[in-house]
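Novice: Take a look at the letters that make up each chain.
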Amino acid sequence: MFLQITHLSKHFETQQGTLVVLKDINMEIEQGEFICAVGASGSGKSTLLRQIAGLDTPTTGEVKIDGKTVTGPGPDRGMVFQHYTLYPWMNVQENTEFGLKLQGVPKPVRREQASYYLNVVGLTRFAQSLPKELSGGMKQRVAIARALASEPKVLLMDEPFGALDIHTKESMHEFMLDLWQRTGITIFMITHDVEEAVLLSNRIFALGARPGTVRKVITINLPNRSHTIKRHSIFHDYRDELMELLRKHGQEAVSAFT
Amino acid sequence: MSQSIHPPRSIQSYIKPKTVRPTVFWRLAEDIPKSLQTGLMIASIAIPLFLWWAVTTFGNIDPKFLPSPAAVLQAFGRLWSTRELLKDTVASLWRVGVGFLWAAFFSIPVGLLMGSFPSIRALLEPIFGLMRYMPAPAFIPLLILYLGIGEEPKIMLIFIGVFFFNSLMVMDTVKFVPKDLIEATYMLGGDRWAALTQVILPHVLPGIIDACRINLAAAWQLVIVSELIAANEGLGRRISVAGRFLRTDEIFVGLIVIGVIGLMFDLLFQYLLRVSCQWASQKR
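Chains A and B supply the protein sequences, listed in that same order.
So the number in my numbering is just where the residue sits in the first sequence, counting from 1, plus 290.
So the number in my numbering is just where the residue sits in the second sequence, counting from 1, plus 941.
Just so you know, the hints here were simulated from the structure itself, not pulled from any lab data.
All values derive from a computational prediction rather than experimental measurement.
Yeah, the Cβ is synthetic: ideal placement off N, Cα and C, and Gly gets one too.
A couple of the hints might just be wrong.
[Said to hold, decoys possible] Straight line, CA to CA, 30 Å or less: simulated DSSO-like cross-link-like pairs of lysine-lysine: (1) A:Lys-313 with B:Lys-1120; (2) A:Lys-422 with A:Lys-313; (3) A:Lys-354 with B:Lys-1120; (4) B:Lys-1120 with A:Lys-358; (5) B:Lys-975 with A:Lys-422; (6) A:Lys-391 with B:Lys-1120; (7) B:Lys-1116 with A:Lys-391; (8) B:Lys-1120 with A:Lys-422; (9) B:Lys-1005 with A:Lys-422; (10) A:Lys-443 with B:Lys-975.
[Claimed, not checked] Listing some non-contacts, in silico: residues in chain A with all C-beta distances to chain B over 12 Å: (11) Thr-308; (12) Gly-322; (13) Asp-366; (14) Leu-390; (15) Glu-402; (16) Gly-412; (17) Asp-448; (18) Lys-506.
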């Protein structure tokens, strides 16, 4: 088992008492899988990702990657945040190299490595640009290149395309599928976008809210993964099943006039 | 489930039609044409200068009370030719330079640590907050008692006046470093030291330069205050002596030189900010 989450719970102490955000999460993920954890707001999906990243410590249970228990953040897990986290004073090349620099990789090696991954994400032309000169989609591609440059065991993504417009989002989906096929890297992505999850992942963990628990694991078998598949009934079936799950286990729908 | 909505009453009769009309002069938080801006900036200096000239030329005013621009210019020439003005300026600049640089040298790292570590902040913020509200000039009697009447108490006064303010202002700039950026650094293999020196420090550098710019103005005021007490030379000393002998024109020379030097410092720091932190230029 490559990425293993066992009996993971996370509690927060609040003034109203103990808030159970995640309850008894169990996941077993093989190398090379593209996993999406889907849930409505309140399902603790970002909290879950923070436990895998090691940015937070679980109240009970543990996360193991390649047999090693996660005890803190580290470059063996490449992280792409929801908000843009490029360093604004560094150009694209320097941003991509930064992780390697922190890990003491010699300059010529890290330059070569960063250039390679900038080419993978199609941004070689923008190596000398500052982040403020890039569009949202380009910024996230740099963040992906920066994470990949450290050759992580797993790529963690926290709603990375949430802030992008629909067309940019679609091209990022194509980009992610292509990247996954070419590199074979294990990807664990958090999203609330059901169609995004069905299109991209080979398995989906549907999370219910309050407390966040795994309600169902769905294996996705699509004949192909182009955007046209969205018109097929098989895609609709997966989507509707997930929507129904989230509706049932998500936050109570709020309506002003009932 | 769905009912139609009935608000308590119609508010249409209360609403007066209103629109934002186009304007040039009253543009709110927008750029104005370059020519208008330049014109207004010239007027900003030229109008007071003209009023001063008009009042002293056409009004019947005692030059001991308000000397004319020409008389002040003459006094400037006199003080310049005897090299007194240069000596005074150099003396004041030296005190500000030494006092301010020491204060910046200590306050920048201290402020950075206070902003970055809640523990250091809890340890230092209460006492710094208290010290900040003690006016630096109120320390003069103590400084004379402890350090005599030489250069030391004057430099110490500037140090006290700048150190606490600058520490707290640098501390505040750290608040604007996004937490994500620090966490991203950890995920990339950086430790706390790397996050502090390679992420927080460059991110707050524009803020540090700005804090120093503002506190240099405070230092420049304090040096004048310190020289009013006891000094052999200095621009503050010059004003105080001129006052004693009713040489109002020399008071004006002193004031104007102080103002112009202060403005030049300010422009220098603004330039420094522009060239060193181009990435931040659009944000401010």
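Novice: A separate judgement is required for each hint: does it hold in the structure or not?
Specialist: Status of the hints after comparison with the structure:
1. Taking the CA atoms of Lys-313 (chain A) and Lys-1120 (chain B), the gap is about 26 Å. The hint holds against a cut of 30 Å.
2. The hinted pair formed by Lys-422 (chain A) and Lys-313 (chain A) fails the criterion: a straight-line CA distance of about 40 Å is larger than 30 Å.
3. Our distance criterion of 30 Å between C-alpha atoms is met by Lys-354 (chain A) and Lys-1120 (chain B), whose separation comes to about 25 Å.
4. Under the criterion of a C-alpha separation no larger than 30 Å, the hint pairing Lys-1120 (chain B) with Lys-358 (chain A) is consistent with the structure, at around 27 Å.
5. Restraint check for Lys-975 (chain B) and Lys-422 (chain A): the C-alpha separation of about 25 Å stays at or below 30 Å, so the hint holds.
6. For a cut-off of 30 Å, the pair hint linking Lys-391 (chain A) to Lys-1120 (chain B) stands: about 21 Å separates their Cα positions.
7. Annotation: proposed proximity of Lys-1116 (chain B) to Lys-391 (chain A) holds, straight-line Cα distance about 26 Å (limit 30 Å).
8. Note on Lys-1120 (chain B) and Lys-422 (chain A): the hinted pairing holds, with a Cα-Cα distance of about 19 Å set against a maximum of 30 Å.
9. The suggested pairing of Lys-1005 (chain B) with Lys-422 (chain A) is violated, with an alpha-carbon distance near 58 Å, which exceeds 30 Å.
10. Annotation: proposed proximity of Lys-443 (chain A) to Lys-975 (chain B) is violated, straight-line Cα distance about 55 Å (limit 30 Å).
11. Non-interface status of Thr-308 (chain A) relative to chain B is upheld: no Cβ of that chain comes within 12 Å, the nearest being about 24 Å off.
12. Even its closest Cβ contact with chain B, about 21 Å, leaves Gly-322 (chain A) beyond 12 Å, as expected for a residue assigned away from the interface.
13. Interface exclusion of Asp-366 (chain A) from chain B breaks down, the closest Cβ pair being 9 Å apart, not more than 12 Å.
14. Chain B draws Leu-390 (chain A) into its interface by the beta-carbon criterion, the shortest separation being 8 Å against a cut-off of 12 Å.
15. In this structure Glu-402 (chain A) is separated from chain B by more than 12 Å, as the shortest Cβ-Cβ distance comes to about 18 Å.
16. Here Gly-412 (chain A) stays apart from chain B, with its beta-carbon at least about 21 Å from theirs, past the 12 Å limit.
17. With a closest Cβ-Cβ approach of about 10 Å to chain B, Asp-448 (chain A) is found to fall inside the 12 Å limit, against its non-interface label.
18. Distance check for Lys-506 (chain A) against chain B: the nearest CB is about 28 Å away, which clears 12 Å, and the non-interface claim stands.
Checked against the numbered hints given earlier, this structure breaks hints 2, 9, 10, 13, 14, 17; the rest are met.
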